[in-house]
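Produce the entire structure from the sequences given, and follow the hints as far as they go.
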Amino acid sequence: MKSSCPQTDPIGRPGTVEEIVAEEPPTVLIVDDDSVARLAMAGRIKRLGYRVLEAGDGLSGLAVLRRERPELTILDWMMPDLDGPSFCEEVRQDSSIGSSQILMMTSNDHPEHIAEGLARGADDFLSKAASRQEIIARVQAGIRTAMLIRRLEQVTNELRDKQALLDQELQSAARYVESLLPVPGTVLPGVELAHLYRPSLALGGDLYNVVRCGDDSVGLHLLDASGHGVSSALRSAALAMFLREDSLLRYVGSRDPGAIVTEANRLFPLTERGDYFTILIARLDLRFQRLLYATAGHSGACIHRRSGAVEWFTPSSLPLGFDSSHLYRTVEIPFQSGDRLYVLSDGLYEVPDSTGELWGKERLATAFQKTADRTLKDVLSFVVDEAARWSGQDCFPDDVAVVGIELKA
Amino acid sequence: MALQVRERSMPNGVILEIAGDLTYANREQFKTAVESVRQRGFRHLVLDMSDVRFIDSSGLGLLALVAQQFKLTQGRLSLLKPQAYVREIMALANIPSLIPVYENERDALAAYGKAA
Numbered sequence: 002m003k004s005s006c007p008q009t010d011p012i013g014r015p016g017t018v019e020e021i022v023a024e025e026p027p028t029v030l031i032v033d034d035d036s037v038a039r040l041a042m043a044g045r046i047k048r049l050g051y052r053v054l055e056a057g058d059g060l061s062g063l064a065v066l067r068r069e070r071p072e073l074t075i076l077d078w079m080m081p082d083l084d085g086p087s088f089c090e091e092v093r094q095d096s097s098i099g100s101s102q103i104l105m106m107t108s109n110d111h112p113e114h115i116a117e118g119l120a121r122g123a124d125d126f127l128s129k130a131a132s133r134q135e136i137i138a139r140v141q142a143g144i145r146t147a148m149l150i151r152r153l154e155q156v157t158n159e160l161r162d163k164q165a166l167l168d169q170e171l172q173s174a175a176r177y178v179e180s181l182l183p184v185p186g187t188v189l190p191g192v193e194l195a196h197l198y199r200p201s202l203a204l205g206g207d208l209y210n211v212v213r214c215g216d217d218s219v220g221l222h223l224l225d226a227s228g229h230g231v232s233s234a235l236r237s238a239a240l241a242m243f244l245r246e247d248s249l250l251r252y253v254g255s256r257d258p259g260a261i262v263t264e265a266n267r268l269f270p271l272t273e274r275g276d277y278f279t280i281l282i283a284r285l286d287l288r289f290q291r292l293l294y295a296t297a298g299h300s301g302a303c304i305h306r307r308s309g310a311v312e313w314f315t316p317s318s319l320p321l322g323f324d325s326s327h328l329y330r331t332v333e334i335p336f337q338s339g340d341r342l343y344v345l346s347d348g349l350y351e352v353p354d355s356t357g358e359l360w361g362k363e364r365l366a367t368a369f370q371k372t373a374d375r376t377l378k379d380v381l382s383f384v385v386d387e388a389a390r391w392s393g394q395d396c397f398p399d400d401v402a403v404v405g406i407e408l409k410a
Numbered sequence: 244m245a246l247q248v249r250e251r252s253m254p255n256g257v258i259l260e261i262a263g264d265l266t267y268a269n270r271e272q273f274k275t276a277v278e279s280v281r282q283r284g285f286r287h288l289v290l291d292m293s294d295v296r297f298i299d300s301s302g303l304g305l306l307a308l309v310a311q312q313f314k315l316t317q318g319r320l321s322l323l324k325p326q327a328y329v330r331e332i333m334a335l336a337n338i339p340s341l342i343p344v345y346e347n348e349r350d351a352l353a354a355y356g357k358a359a
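Which chain is which? The protein sequence lines are A and B, in order. Position in the first sequence counted from 1, then plus 1, gives you my numbering. Position in the second sequence counted from 1, then plus 243, gives you my numbering.
Quick caveat, the hints were computed from the structure, so don't treat them as lab data. Every residue gets a Cβ at the ideal spot worked out from N, C-alpha and C, and that includes glycine. A couple of the hints might just be wrong.
[What the hints assert, rightly or not] For lysine to aspartate or glutamate, the following EDC-like pairs were computed, each having C-alpha atoms within a straight-line distance of at most 20 Å: (1) 362/A / 312/A; (2) 274/B / 273/A; (3) 362/A / 331/B; (4) 378/A / 193/A; (5) 129/A / 154/A; (6) 362/A / 351/A; (7) 314/B / 273/A; (8) 362/A / 299/B; (9) 314/B / 324/A.
[Unchecked claim] For each label pair, taking beta carbons as the anchor points, the in silico distance ranges come out as: (10) 255/A / 262/B: 45 to 53 Å; (11) 249/B / 309/A: 46 to 54 Å; (12) 330/B / 354/A: 21 to 29 Å; (13) 250/B / 97/A: 31 to 39 Å.
[What the hints assert, rightly or not] Coverage of chain B stretches by chain A, computed from C-beta distances (three or more under 8 Å per stretch; other residues unrestricted): (14) 276-290; (15) 324-337.
Here it is in structure tokens:
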């Protein structure tokens with residue numbers, strides 16, 4: 002490993018940035034129109050072991066700086082065409098070289114003069130009358146700072162690249178999760194489906210599906226994974242696979258919602274981090290115009306009756322995984338022509354306003370009651386917009402999923 | 244709001260006084276405090292909830308997890324004096340059917356006396 006300061010000097014502190022690996026010795030650019038002074042400085046810097054570049058005026062110095070990106074530039078104040086402070090301003094305005102370290106030389110070391118140079122972009126000053134020791138110390142200090150800035154830029158770029166890769170992966174996973182969602186429209190003659198999904202991150206932990214089961218029945222589930230992000234989405238996808246029709250027939254041998262939730266409870270225990278699901282499983286039986294459902298801790302479901310009444314499901318059951326021996330029972334309620342079923346994640350109604358007050362189920366029910374004349378799809382957009390209006394923000398703090406099913410009159 | 248945990252001893256176990264929000268953001272702190280109790284071999288744990296203002300779905304999961312862990316080692320978890328809002332959230336998830344809730348420390352300790 003090479004130090005940034007190859008030659009030990011009693012004044013400098015070589016090796017203080019030893020963790021920085023430099024393939025080549027650091028480069029110092031000297032910009033001075035006085036060739037004698039420039040050559041003298043170049044000699045001193047070379048003896049310290051650094052690579053030295055020279056420029057005889059500000060404009061060509063700027064070109065070298067852009068091309069070579071030296072670790073440190075030693076710059077004369079007084080030069081024709083482009084003087085030192087103007088050179089500094091050009092550098093600071095150019096984001097590709099803006100972090101360059103500049104040590105300005107001047108024979109005028111009045112405080113106002115130094116202040117002006119610093120204000121216009123110099124990093125440090127060197128009097129033309131400075132001792133050899135001071136010159137070495139200031140050059141080394143400048144190089145140390147430059148190396149730290151380079152390292153910071155490098156790490157920032159690496160992080161940005163890694164983040165971009167992660168974002169791509171998340172987008173790809175999100176597209177997969179979306180592919181698991183049902184196709185809106187007519188599920189069976191007379192049964193309309195609409196749904197709306199707004200994950201709080203690119204990848205959400207809520208999932209739902211609606212499937213036709215024969216000619217007279219429709220199955221529905223909505224699951225809500227505690228927590229957020231990748232691990233929630235992975236667990237949700239695993240549970241969604243279990244809830245596929247073929248898998249249910251094999252593992253549960255029944256379409257009874259209570260039996261399905263009971264088996265899911267056995268197969269999906271709490272994780273070691275205490276993560277779990279709430280779930281609602283329902284079956285709409287068209288022949289007998291009834292709805293059969295079972296829930297594990299999921300209370301976000303209601304029926305908007307044709308009469309205008311909104312009836313919330315009132316389950317008092319444990320979420321999945323809280324007690325492996327728990328038996329979940331099926332509840333049966335009438336579901337008739339003109340009724341609408343809404344199943345939603347709690348992210349919709351547990352959204353806070355600026356004072357922390359939650360929107361709540363009562364306000365959501367009132368919103369549903371204003372929608373009798375709207376299409377099912379419009380209802381979902383309307384209530385999500387109402388919730389967003391309550392929160393005063395476009396994005397929700399939790400995943401929001403809403404599924405609506407209407408039995409056409 | 245951050246979580247603060249203070250430990251007191253009781254016969255056969257430990258009382259953890261929890262103050263703050265029992266939420267996703269504070270889960271590691273809560274787990275560390277409980278794990279420390281388990282590592283020292285205590286079988287019974289009382290969580291004094293009187294200074295917990297808020298609990299979210301992750302907090303409920305942690306309570307269920309800790310109840311399961313203590314049950315595995317023939318120990319017991321119970322909750323003491325939850326505030327009205329926290330009590331309501333816990334009731335929605337049916338937590339009281341899993342974890343006994345007491346209104347005062349004397350009753351909680353008496354129950355442990357019987358269990359021990």
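We went through each hint and held it up to the structure:
For a cut-off of 20 Å, the pair hint linking residue 362/A to residue 312/A stands: about 11 Å separates their Cα positions. Restraint check for residue 274/B and residue 273/A: the C-alpha separation of about 10 Å stays at or below 20 Å, so the hint holds. For the given pair, residue 362/A sits about 15 Å from residue 331/B by alpha-carbon distance, which is consistent with the 20 Å threshold. Taken as a hint, the residue 378/A and residue 193/A pair is honoured in the structure, with Cα atoms around 10 Å apart against an allowance of 20 Å.
Restraint check for residue 129/A and residue 154/A: not satisfied, since their Cα atoms lie roughly 32 Å apart, outside the 20 Å limit. Of the pairs offered as hints, the one joining residue 362/A and residue 351/A holds, with about 8 Å between alpha carbons and a cut-off of 20 Å not exceeded. Of the pairs offered as hints, the one joining residue 314/B and residue 273/A holds, with about 15 Å between alpha carbons and a cut-off of 20 Å not exceeded. Note on residue 362/A and residue 299/B: the hinted pairing holds, with a Cα-Cα distance of about 17 Å set against a maximum of 20 Å.
At most 20 Å may separate the alpha-carbon atoms for a hinted pair to count; residue 314/B and residue 324/A meet this at roughly 11 Å. Here the CB-CB span from residue 255/A to residue 262/B is close to 47 Å, well matched to the stated 45 to 53 Å. A C-beta distance of roughly 52 Å is found between residue 249/B and residue 309/A, which places it inside the suggested range of 46 to 54 Å. For the pair residue 330/B and residue 354/A, the beta carbons lie near 23 Å from each other, so the given range of 21 to 29 Å is met.
Checked against the given bound of 31 to 39 Å, the beta carbons of residue 250/B and residue 97/A, roughly 56 Å apart, lie outside it. Counting residues of the stretch 276-290 of chain B whose C-beta sits closer than 8 Å to any C-beta of chain A gives 0, which falls short of three, so the coverage hint is violated. A count of 4 residues in the stretch 324-337 of chain B with a Cβ less than 8 Å from any Cβ of chain A is obtained; the coverage claim is therefore met, three being the minimum.
Of the hints listed earlier, those the structure fails to meet are numbers 5, 13, 14, in rising order.
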